[in-house]
Structure formats: C-alpha cells, structure tokens
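J.: Residue-level listing of the chains:
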Amino acid sequence: MWTRLIALIVKEALVILRDPRSRIILIVPPIVQLVLFAFAATLDVKNVDLVVQNRDEGASGIELVRRIEGSPTFRSVLAVHDPASLRRAINEERAIASVDIGPSFSRDLVAGRPASIQIVLDGRRSNAAQIVNGYLGAILGDYIAEQNERFHRPSATPRVVARNWFNPNLTFTWFTVPGLIAIIAQLVGILVTALSVARERELGTFDQLMVAPFRSYEIVLGKLLPPVLIGFVHITLYVVATLLIFHVPLRGSLFLLYGSALVFLAAIAGVGLFISALCSTQQQAILGAFVFIAPATLLSGFATPIENMPTWLQPLTLINPLRYFLVVTRGVFLKAMPPAEVGRQTLPLVCIAVVTLASAGWLFRRRME
Amino acid sequence: MTEHPYSALARARRVRALVRKEAWQIFRDPSSILIAFVLPLVLIFLFGYGVSLDTTHTRIGVVLERATPTTRSLLGAFQASRYFDVRVATDRRELEEPLTLGALRGIVVIPATFDSDLWRRTTPPALEVLVDGSDPNTAALVQGYVQGVVANWAIARAVESGMVGASSGSDQRFWFNAELSSRFFLVPGSIAIVMAMVGTLLTSLVVAREWERGTMEAIMATPVTTVELLLGKIIPYFLLGLASMSLCALVAVLVFEVPFRGSVGALFALSSAFLLPALGQGLLISAATKNQFLASQLALISSFLPTFLLSGFLFEIPSMPRVIQWITNLVAGRWLIPSLQTVFLAGDVWSLFLRDIGVMVLFGAVFIALAARMTKKRVA
Numbered sequence: 001m002w003t004r005l006i007a008l009i010v011k012e013a014l015v016i017l018r019d020p021r022s023r024i025i026l027i028v029p030p031i032v033q034l035v036l037f038a039f040a041a042t043l044d045v046k047n048v049d050l051v052v053q054n055r056d057e058g059a060s061g062i063e064l065v066r067r068i069e070g071s072p073t074f075r076s077v078l079a080v081h082d083p084a085s086l087r088r089a090i091n092e093e094r095a096i097a098s099v100d101i102g103p104s105f106s107r108d109l110v111a112g113r114p115a116s117i118q119i120v121l122d123g124r125r126s127n128a129a130q131i132v133n134g135y136l137g138a139i140l141g142d143y144i145a146e147q148n149e150r151f152h153r154p155s156a157t158p159r160v161v162a163r164n165w166f167n168p169n170l171t172f173t174w175f176t177v178p179g180l181i182a183i184i185a186q187l188v189g190i191l192v193t194a195l196s197v198a199r200e201r202e203l204g205t206f207d208q209l210m211v212a213p214f215r216s217y218e219i220v221l222g223k224l225l226p227p228v229l230i231g232f233v234h235i236t237l238y239v240v241a242t243l244l245i246f247h248v249p250l251r252g253s254l255f256l257l258y259g260s261a262l263v264f265l266a267a268i269a270g271v272g273l274f275i276s277a278l279c280s281t282q283q284q285a286i287l288g289a290f291v292f293i294a295p296a297t298l299l300s301g302f303a304t305p306i307e308n309m310p311t312w313l314q315p316l317t318l319i320n321p322l323r324y325f326l327v328v329t330r331g332v333f334l335k336a337m338p339p340a341e342v343g344r345q346t347l348p349l350v351c352i353a354v355v356t357l358a359s360a361g362w363l364f365r366r367r368m369e
Numbered sequence: 370m371t372e373h374p375y376s377a378l379a380r381a382r383r384v385r386a387l388v389r390k391e392a393w394q395i396f397r398d399p400s401s402i403l404i405a406f407v408l409p410l411v412l413i414f415l416f417g418y419g420v421s422l423d424t425t426h427t428r429i430g431v432v433l434e435r436a437t438p439t440t441r442s443l444l445g446a447f448q449a450s451r452y453f454d455v456r457v458a459t460d461r462r463e464l465e466e467p468l469t470l471g472a473l474r475g476i477v478v479i480p481a482t483f484d485s486d487l488w489r490r491t492t493p494p495a496l497e498v499l500v501d502g503s504d505p506n507t508a509a510l511v512q513g514y515v516q517g518v519v520a521n522w523a524i525a526r527a528v529e530s531g532m533v534g535a536s537s538g539s540d541q542r543f544w545f546n547a548e549l550s551s552r553f554f555l556v557p558g559s560i561a562i563v564m565a566m567v568g569t570l571l572t573s574l575v576v577a578r579e580w581e582r583g584t585m586e587a588i589m590a591t592p593v594t595t596v597e598l599l600l601g602k603i604i605p606y607f608l609l610g611l612a613s614m615s616l617c618a619l620v621a622v623l624v625f626e627v628p629f630r631g632s633v634g635a636l637f638a639l640s641s642a643f644l645l646p647a648l649g650q651g652l653l654i655s656a657a658t659k660n661q662f663l664a665s666q667l668a669l670i671s672s673f674l675p676t677f678l679l680s681g682f683l684f685e686i687p688s689m690p691r692v693i694q695w696i697t698n699l700v701a702g703r704w705l706i707p708s709l710q711t712v713f714l715a716g717d718v719w720s721l722f723l724r725d726i727g728v729m730v731l732f733g734a735v736f737i738a739l740a741a742r743m744t745k746k747r748v749a
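If you're matching them up, the sequences are chains A and B in order.
With the first letter of the first sequence counted as 1, position 187 gets the number 187 in this note's numbering; the numbers rise by one all the way through.
With the first letter of the second sequence counted as 1, position 238 gets the number 607 in this note's numbering; the numbers rise by one all the way through.
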C-alpha cells in the first residue's frame with residue numbers, strides 16, 4: 001500500500017508543479033496578497049485632515065489649535081473663518097472632522113464656567129470618525145485638566161490611563177499579518193486541490209486513476225498530501241516575512257502553530273476536494289473555490305470581529321475552518337497562547353476535516369460506480 | 370435601392386442586431402444570470418451582515434477594588450452603556466485570563482484610592498484600562514467608549530454637585546450617520562464591488578469564451594466594424610450592470626434601511642460613469658487573454674481585489690503607505706465609493722460627483738480605446 005501511495009503522491013506533486021496554471025496560482029496570489037493586504041488592509045487612523053474654526057480670541061483657543069496641529073495623527077489642519085466653508089470641507093470629504101471653538105472659550109475656562117468646543121464628524125466614515133473623536137477628546141481633556149489644575153479647581157473628570165496588552169502601540173500590521181498566514185494557507189490549499197480533480201476530469205485522466213488499483217481513500221490521501229505540503233511551504237514563507245519584514249513578536253510556540261496548521265490544511269484540502277468532486281471543469285472549480293473563499297474570509301473575523309455580526313449569523317461561522325485557525329495564528333504570535341487553548345481551537349478543525357474528507361471520498365466512490 | 374454598408378442607418382441596425390444577440394445569450398446562459406443577479410445579492414448580504422465595525426455590546430470586565438457609593442455609581446454608568454456587556458470582579462487577576470483568551474476585550478480597573486483621590490486637589494483620580502491590543506481597531510474603539518462613559522458620568526456628577534467648571538468638554542455631532550452604523554457606509558460601498566464584479570468579471574468571462582470558441586472570428590468576418598462590435602458588447606452589459614446596481618440599491622434601502630438622501634438621477638449618473646471603466650477593463654482583459662481561465666484570474670486580481678482593498682470601501686486610504694495611496698488613484702472604485710456613500714447618506718454634492726464622474730469617464734475612455742486597439746490587432 002505504501003509504495004502505491006508514495007507513487008501517487010509523487011505523481012500529484014509533479015502534476016501540480018509542471019502545470020503552468022498551477023504554477024501561476026502558487027506564485028502570483030501569495031505575493032499579491034502579502035503586499036496588498038499587509039500594507040493596504042489597515043483600519044489605522046493616520047494622516048487625518050481637519051478644519052478648525054477658531055472664533056475665540058483668547059490664549060486658550062490658540063493653544064488648543066496648536067496642540068491639535070502638533071498631534072502626529074493629523075496631517076493638515078486647515079483654518080477657516082465661516083461656517084459655510086466648514087460645512088463644505090466636510091461635505092466634499094476634504095476633512096473628516098471640524099472643530100469649532102466658540103468666542104467665549106478662553107473666558108469660560110478662566111471663569112470656571114463650562115467651556116466647550118463643537119466637533120462635527122463625517123458619519124460617512126463613522127469608524128475613522130469615532131477614533132478621530134477619541135483623539136480630539138483626549139487632547140481637549142488633557143488641556144482642560146491642566147487649566148483646572150492651574151486655577152486650583154478640583155478636576156472631577158477622572159483620567160483614563162489606557163494600556164494595550166499584546167500590542168502596546170496598536171500597530172495594525174501586528175493584527176493583519178499573522179491573520180494573512182491563515183488566509184494564504186486557505187487560498188493555496190483550496191485552489192490546488194480544487195483544480196487537481198477538475199483538471200483530471202477535463203483531461204480524462206480521472207477515469208484512468210479510477211481503474212488503477214487504488215482504493216478511494218488512497219486517492220483522497222494522494223490528492224490531500226501535496227496541497228498540505230505546499231501549504232506548509234507558504235505558511236513558512238509567511239511566518240518568515242511576519243518575523244523579518246513586519247517584526248511581529250513571536251511569543252508562543254511555532255510547534256503549536258504548525259501542529260494546528262496541519263489539521264487546518266487537511267480540513268481545507270477536504271473542502272477543496274469536495275468542490276472539485278462536484279465540478280467537471282477547471283472553470284467551474286475556480287468559480288466554486290471563489291464562492292467558498294469569499295464568504296469564508298468575510299465570516300472568519302479576519303477583517304472585522306465575529307462578535308459584531310448579528311447574533312443569528314454568528315453560529316454559521318462555527319463551521320468555518322478559517323475562524324479557528326485565525327485565533328491560533330494571532331494567539332501564537334501575540335498572546336503566547338497556551339497548548340490547551342490551541343487544542344480547543346484545533347478540535348473543531350479535526351471534526352471539519354473528517355467530515356469533508358469522508359464526503360469527498362464518498363463522492364469519488366460514487367463517481368466510480 | 371441598395372444601402373451603403375457604412376451609412377448611419379446600417380450601423381445602427383448592425384449594433385441593434387448585435388445587442389439583441391448578446392441579450393439572448395445573457396438570458397439563455399444560466400451562469401450570466403448567476404453572476405449578474407444571484408452573486409450580487411449574496412455579496413451584498415454578506416457585506417451587509419458579515420462585515421461590521423460596530424462594537425456594540427463589547428464584553429468588558431470592571432474591577433471594583435473598593436465598593437463605595439461613588440465607584441458603584443461609575444460601575445452603573447458602564448452597565449447602563451449600550452456599548453458594553455459588563456462582568457464585575459473585585460480583583461483584576463480574576464479577569465486577566467479571559468482577556469488573554471479573547472473572552473473579554475478590555476478590563477477597567479477602578480482603584481481602591483479612586484474615591485479619596487476624586488476630592489483631593491493634587492492627584493486627579495485615574496482609572497486604568499487594559500485593552501486587548503491584538504485587535505487594534507476594537508481596542509481603540511473600546512478606549513474611546515470608556516473615555517466617553519467616564520466623561521459623561523463626571524459631567525452628570527459635576528452638574529449635580531454644582532461644580533459647573535468641571536463640566537467642560539466637547540460637544541460632538543456625527544453628520545450623515547448619527548447612529549454611527551458602519552453598515553450605512555459599507556453597504557453603499559459594496560454596491561461598487563458588485564458592479565466591478567458584474568462589469569469586469571462577467572464581461573471578461575463571456576467575451577473570452579467567444580474568443581475561445583472562435584465565434585468572435587465568425588462575427589469579425591461580417592461587415593461589423595470594431596467600434597460596432599464593442600458597442601454591441603458594451604450596451605447590453607451596461608444595462609445589465611445598471612440592473613444589478615438597482616437591485617442592490619433596493620436591497621440597501623429596503624432590507625438594510627440605509628437612508629437615501631440624494632437623487633436617483635445622481636445614483637444612475639455615478640453608476641453609469643463607473644460601468645465604463647469596469648466594462649472597458651473586462652473587454653480589454655478578454656481581448657488580451659482570449660482565455661476564460663486567465664481572464665477570470667486577471668479580473669479577480671485587477672478588479673475585485675483592488676475595489677475591495679484599495680478603494681476606501683473598508684480600509685482608510687490616508688493611513689496606507691504613500692506608494693499605495695498613489696496606486697489607489699488608478700483604481701476606478703476609489704472614485705466611485707465616496708460619491709456613492711455621499712449620495713446615500715449626505716445628499717447630492719455635485720462638486721464631488723462631477724470630479725469623480727470626470728475621472729471615471731476618463732478611465733473608461735482609456736480602457737475602451739485600448740480594448741478597441743487590441744481587438745483590431747487580433748483580426749489583422
């Protein structure tokens with residue numbers, strides 16, 4: 001049995017490496033993805049453009065504007081002198097927020113009256129706007145606290161001292177890049193397996209494989225192992241890039257990561273084989289893979305957290321292999337995830353792998369009869 | 370009387386015949402209907418429900434090191450906030466493990482000295498917030514919400530006790546989207562992604578199939594000119610693109626309850642301008658590859674991915690590295706999405722729309738001209 005199996009695996013590996021289409025899939029998407037996603041997929045809020053209307057003539061208004069200008073978050077702070085141009089700047093998206101300092105701001109602060117500024121934010125980009133609002137609120141809060149201290153007034157607003165665990169500067173690439181390891185493993189795993197059976201069927205070699213003295217589980221294993229190995233190569237490349245290019249700290253054990261990756265790739269290859277068993281052409285297999293990959297990526301927590309989804313949708317993510325492996329890659333890199341927790345995330349992957357591989361094997365057998 | 374084969378009338382008739390042929394092909398091919406109507410619906414529901422930046426009911430822990438009326442009232446403020454689901458503890462060590470495992474997004478520590486510090490002039494009281502930084506966006510939002518809860522609590526207390534001076538702060542308004550629902554800007558943006566899919570992927574697949582099967586050569590052998598041939602392709606897919614856009618816009622307004630504050634005319638003007646580069650790109654890809662497999666790969670990489678990643682749909686363009694910011698200018702979707710979000714949420718801002726329409730029409734002209742050149746070369 002072993003010689004047969006090894007012969008089959010070697011044959012599969014050669015087919016994948018020799019076919020120009022497969023080679024394109026092995027080389028182009030991983031590079032495009034690493035460059036595009038790592039640099040572009042950011043929810044960081046930097047280089048923000050603001051408009052400020054300072055109607056206050058006192059020192060406090062000027063000082064506040066100076067502090068806003070000095071903050072590294074803001075790229076440009078445009079001074080305007082009438083409400084109409086303020087409104088226009090927001091409407092035309094030339095600024096995400098406007099700050100309006102009223103004429104009595106300095107006087108109120110000195111006199112101990114409530115002093116306030118008005119901030120208008122562009123709700124068309126409500127996520128970035130909320131974060132900008134947080135930055136502006138912190139600048140204003142610090143300034144008011146200082147003034148209260150200067151005039152010996154009790155400051156009733158407690159200071160909030162925030163500490164970020166695992167990622168002290170909230171560097172966005174530390175979030176995205178470990179996630180990309182899971183995404184690339186999924187992409188390569190699905191495409192390689194989905195194309196392999198469909199290609200054989202297109203060329204008519206699948207029938208030859210079926211009449212050869214193989215059992216259907218041997219065929220499944222032969223189709224399964226090459227993508228798993230190729231997946232390991234890609235994971236390794238991405239792990240190296242994560243450490244050397246993006247300087248993400250590795251706090252947990254790579255051994256745990258690879259152990260979990262093995263099960264994840266088996267589950268993914270199972271899905272790919274299942275898709276390709278249903279398709280009769282490579283064209284269909286590509287579309288089928290896309291139909292799986294797009295929702296699986298969106299519903300995995302890769303870009304936005306699962307807990308933000310509506311409650312009726314969240315249970316659906318439980319059958320998504322990517323969801324579990326993402327927790328593992330991020331956890332191993334940033335959180336030194338303990339083995340028990342890695343195991344807890346890998347167990348569902350084992351179940352998914354068993355189900356998908358068994359059904360792919362069953363589909364092959366059915367095709368044979 | 371014989372008609373000149375290149376008279377305006379003959380041209381119009383040929384284009385009409387081509388359009389009719391293409392229309393039959395669309396209606397008879399289930400995969401076109403699938404890509405033009407089913408896939409857009411699936412995508413818009415996925416984006417509408419699956420992608421959300423709204424962190425309501427974030428699970429946080431509050432550590433009450435000493436229970437006094439003041440600290441309990443602050444705890445109550447956290448429990449009353451719609452942003453948080455609060456788990457209470459008296460020692461932070463109880464909550465550190467759930468924070469590591471991701472069961473909590475943050476821990477707010479109200480220190481034992483909080484009450485006494487609150488009235489002392491020298492040290493303003495401090496709250497400690499520990500946030501799970503492994504998801505930076507949620508972490509920043511949680512920090513902001515904690516600050517908001519504390520500030521509102523302090524202002525309410527200051528007003529109660531007559532300390533008006535302490536109630537200084539900012540008064541914020543979120544225009545266009547007071548509910549701060551991320552869905553309101555993601556759903557209009559996903560319409561752009563749908564149009565990119567229909568315009569580029571469907572067109573490139575269908576036309577590449579004609580090249581593959583040789584039916585393109587058959588058409589070329591007729592007196593049809595390149596311009597007529599391209600028009601015959603563009604018109605039906607343009608209408609199909611507008612149809613799937615309308616379907617998605619209806620779903621956006623009726624199902625996702627996204628406000629529509631602009632005019633229908635502006636929506637169609639913007640969509641039409643975007644479909645020119647989308648279709649042009651599809652035609653160019655199919656003429657250049659003549660192969661369905663390559664065409665679909667190229668369409669996904671050159672149209673779907675950039676419209677998703679580099680258009681400002683979800684990710685902030687100003688935060689990207691400068692080189693990538695520059696590249697985003699070449700993505701047609703980047704010029705559609707701000708205007709599309711504006712027409713839904715803000716109303717008609719023609720100064721913005723005209724600039725974006727101008728850029729998209731320019732891109733469209735370039736792509737279509739290149740496609741025409743490519744098609745002509747293949748025949749010669």
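Hints were generated in silico from the structure; no laboratory data involved.
Errors might be hidden in some of the hints.
Selected chain A positions facing chain B (Cβ under 10 Å, derived; list incomplete) [as the list claims (entries may be wrong)]: (1) TRP2; (2) LEU5; (3) ALA7; (4) ALA138; (5) TRP174; (6) ALA212; (7) PRO213; (8) CYS279.
We treat Cβ as the ideally placed atom computed from N, Cα and C, and that holds for glycine.
J.: Would you mind marking each hint as holding or not holding in the structure?
T.: Outcome of the hint check:
With its C-beta approaching chain B no nearer than about 36 Å, A:TRP2 sits outside the 10 Å limit, and its interface hint is violated. For A:LEU5, the suggested interface contact is broken, since its CB lies about 30 Å from the closest CB of chain B, more than 10 Å. Against a cut-off of 10 Å between C-beta atoms, the interface hint on A:ALA7 is violated, since the closest Cβ of chain B lies about 29 Å away. Proximity of A:ALA138 to chain B holds as hinted, the smallest CB-CB distance being about 7 Å (cut-off 10 Å).
For A:TRP174, the interface hint holds, since its Cβ comes within 10 Å of a Cβ in chain B; the closest pair sits about 7 Å apart. For A:ALA212, the interface hint is violated, since its Cβ never comes within 10 Å of a Cβ in chain B; the closest pair sits about 27 Å apart. Taking 10 Å as the C-beta cut-off, the interface hint given for A:PRO213 is violated, the closest approach to chain B being about 33 Å. With a cut of 10 Å, the hint placing A:CYS279 at the interface with chain B is violated, because the nearest CB-to-CB distance is about 13 Å.
Of the numbered hints given earlier, the model fails hints 1, 2, 3, 6, 7, 8; all others are met.
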